[in-house]
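Participant: Residues per chain, in single letters:
There are 2 protein chains.
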Amino acid sequence: MRYAVFGTGVVGRTLAARLAGLGHDVVVGTRDPEHTLARAEADDRGNAPFAQWLAEHPSISLDTFDAAAAGAETLVNTTAGGVTLEVLAAVAPAHLDGKVLIDIANPLDFSKGFPPSLEPVNTDSLGEQVQRAHPALRVVKTLNTMNCAIMVDPARVEGDHTVFLSGDDADAKKSVTELLTSFGWQDRNILDLGGIETARGTEMLLPIWLRIMGSAGHADFNFHIQGV
Amino acid sequence: MRYAVFGTGVVGRTLAARLAGLGHDVVVGTRDPEHTLARAEADDRGNAPFAQWLAEHPSISLDTFDAAAAGAETLVNTTAGGVTLEVLAAVAPAHLDGKVLIDIANPLDFSKGFPPSLEPVNTDSLGEQVQRAHPALRVVKTLNTMNCAIMVDPARVEGDHTVFLSGDDADAKKSVTELLTSFGWQDRNILDLGGIETARGTEMLLPIWLRIMGSAGHADFNFHIQGV
Numbered sequence: 001m002r003y004a005v006f007g008t009g010v011v012g013r014t015l016a017a018r019l020a021g022l023g024h025d026v027v028v029g030t031r032d033p034e035h036t037l038a039r040a041e042a043d044d045r046g047n048a049p050f051a052q053w054l055a056e057h058p059s060i061s062l063d064t065f066d067a068a069a070a071g072a073e074t075l076v077n078t079t080a081g082g083v084t085l086e087v088l089a090a091v092a093p094a095h096l097d098g099k100v101l102i103d104i105a106n107p108l109d110f111s112k113g114f115p116p117s118l119e120p121v122n123t124d125s126l127g128e129q130v131q132r133a134h135p136a137l138r139v140v141k142t143l144n145t146m147n148c149a150i151m152v153d154p155a156r157v158e159g160d161h162t163v164f165l166s167g168d169d170a171d172a173k174k175s176v177t178e179l180l181t182s183f184g185w186q187d188r189n190i191l192d193l194g195g196i197e198t199a200r201g202t203e204m205l206l207p208i209w210l211r212i213m214g215s216a217g218h219a220d221f222n223f224h225i226q227g228v
Numbered sequence: 229m230r231y232a233v234f235g236t237g238v239v240g241r242t243l244a245a246r247l248a249g250l251g252h253d254v255v256v257g258t259r260d261p262e263h264t265l266a267r268a269e270a271d272d273r274g275n276a277p278f279a280q281w282l283a284e285h286p287s288i289s290l291d292t293f294d295a296a297a298a299g300a301e302t303l304v305n306t307t308a309g310g311v312t313l314e315v316l317a318a319v320a321p322a323h324l325d326g327k328v329l330i331d332i333a334n335p336l337d338f339s340k341g342f343p344p345s346l347e348p349v350n351t352d353s354l355g356e357q358v359q360r361a362h363p364a365l366r367v368v369k370t371l372n373t374m375n376c377a378i379m380v381d382p383a384r385v386e387g388d389h390t391v392f393l394s395g396d397d398a399d400a401k402k403s404v405t406e407l408l409t410s411f412g413w414q415d416r417n418i419l420d421l422g423g424i425e426t427a428r429g430t431e432m433l434l435p436i437w438l439r440i441m442g443s444a445g446h447a448d449f450n451f452h453i454q455g456v
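Residue numbers (this note's numbering), protein chains in the order written: chain A, 1 to 228; chain B, 229 to 456.
Keep in mind the hints are simulated off the structure, nothing from the lab.
Note that CB positions come from ideal geometry on N, CA and C, so glycine has one too.
Which chain B residues face chain A? A few, computed with CB under 8 Å, are given here: (1) Val385; (2) Gly422; (3) Arg428; (4) Gly429; (5) Pro435.
The calculated EDC-like cross-link candidates involving lysine to aspartate or glutamate, where the alpha carbons are at most 20 Å apart (straight line), are: (6) B/Lys340 - A/Asp124; (7) A/Lys173 - A/Asp192; (8) A/Lys174 - A/Asp187; (9) A/Lys112 - B/Asp352; (10) B/Lys340 - A/Glu119; (11) B/Lys402 - B/Glu301; (12) A/Lys99 - A/Asp169; (13) A/Lys112 - B/Glu425; (14) B/Lys340 - A/Glu197; (15) B/Lys401 - B/Asp420; (16) A/Lys99 - A/Glu73; (17) B/Lys327 - B/Asp397; (18) A/Lys99 - A/Asp171; (19) A/Lys174 - A/Glu197; (20) A/Lys99 - A/Glu178; (21) A/Lys112 - B/Glu347; (22) B/Lys327 - B/Asp291; (23) B/Lys340 - B/Asp272.
Next up, chain A with everything else stripped away, as it sits in the complex (with noise of 0.2 Å):
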């Protein structure tokens, strides 16, 4: 499968080494890559700088996200959720077209401090905004609601552990639930909640999360659904 990840953070980054890792083709998209790779210092968390990261990952490559999408045929979004409608209004509304687009993004406002607050919540979700706008794509949320190494490794967090679904289309739940299962995520522990709309309960999950990581003091935890 050709896979276009938007978005150059350790996120996208995970995601796109590990879609490479299976097989698959894999480009990733980013607003303008000669500034994407220009870039010689580690970011504020201290990830390596992108061109660096490329270097070590030469199956992968690095464009546009019009050029990504365009020769995906499926896309992962990893963009910063408040930025994610913009990136996408970027590309040519035929790069989208009838494909699956995975929105692993959460619309985290850091506005007003940390821990963040959401924005768009409880009435909208990020993921009902990006399949409003583009009704020819099919939106799946998923993913959204862990570390990214649990995302595509889920072993790390030992026992059964949850990874939610929220989407209109079902052929494309079904073909990004194989995707979870070749992540190694057991049938058991994904959890179809039903429509695009149940992605406000998903991304509600970012408060709680954020506030566990800081009590618990790290980020190898997931929230598994006992008695479901």
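We have chain A; now place chain B onto it with these hints.
Facilitator: Same frame as chain A, but now just chain B:
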């Protein structure tokens, strides 16, 4: 211990019955006891009239919110989140002073239909509102993330699953932890998130809780934090 349980709905009845069963003195608080006892019909969820329930629990009494609080050492709030502040405002401050309030309410807003949204949400919580309005209360938010049958009998759901605590007063959280233990909660499944501000996180679990209930078709499930 002498408990006042605020609220005559199924959550209040379940907590009151469990507390009485453990040998505690329990008074249920309501706005107008005569009115509560005069209701002869089942409520819109099919629960028996309160008077019938009360007759089946002869050790439990009913009084006004204020009188119930006056005689109690610990308060349990199971009122609808939308009326909680109004209910507490009707209690004489001297009857709240220094007491632990176990806040189980969620600020569900049904004005836009089902599933409900939350109000307050995101940058505030009901738990924080209660604590701000009554600084002399020691508010502990807990148990608000599951069906009431599970609150008082965690073994209903197989395996480990989590109950969260949020509150600013360490002694209050310690006494609530002892109560939870008496309900059957294992120490390893009681997760202290920190101050009352963290109630934002647990109240914001309600949207996904409602959608999981919709997907599962029952309420006998609970969140578990795996890996903490």
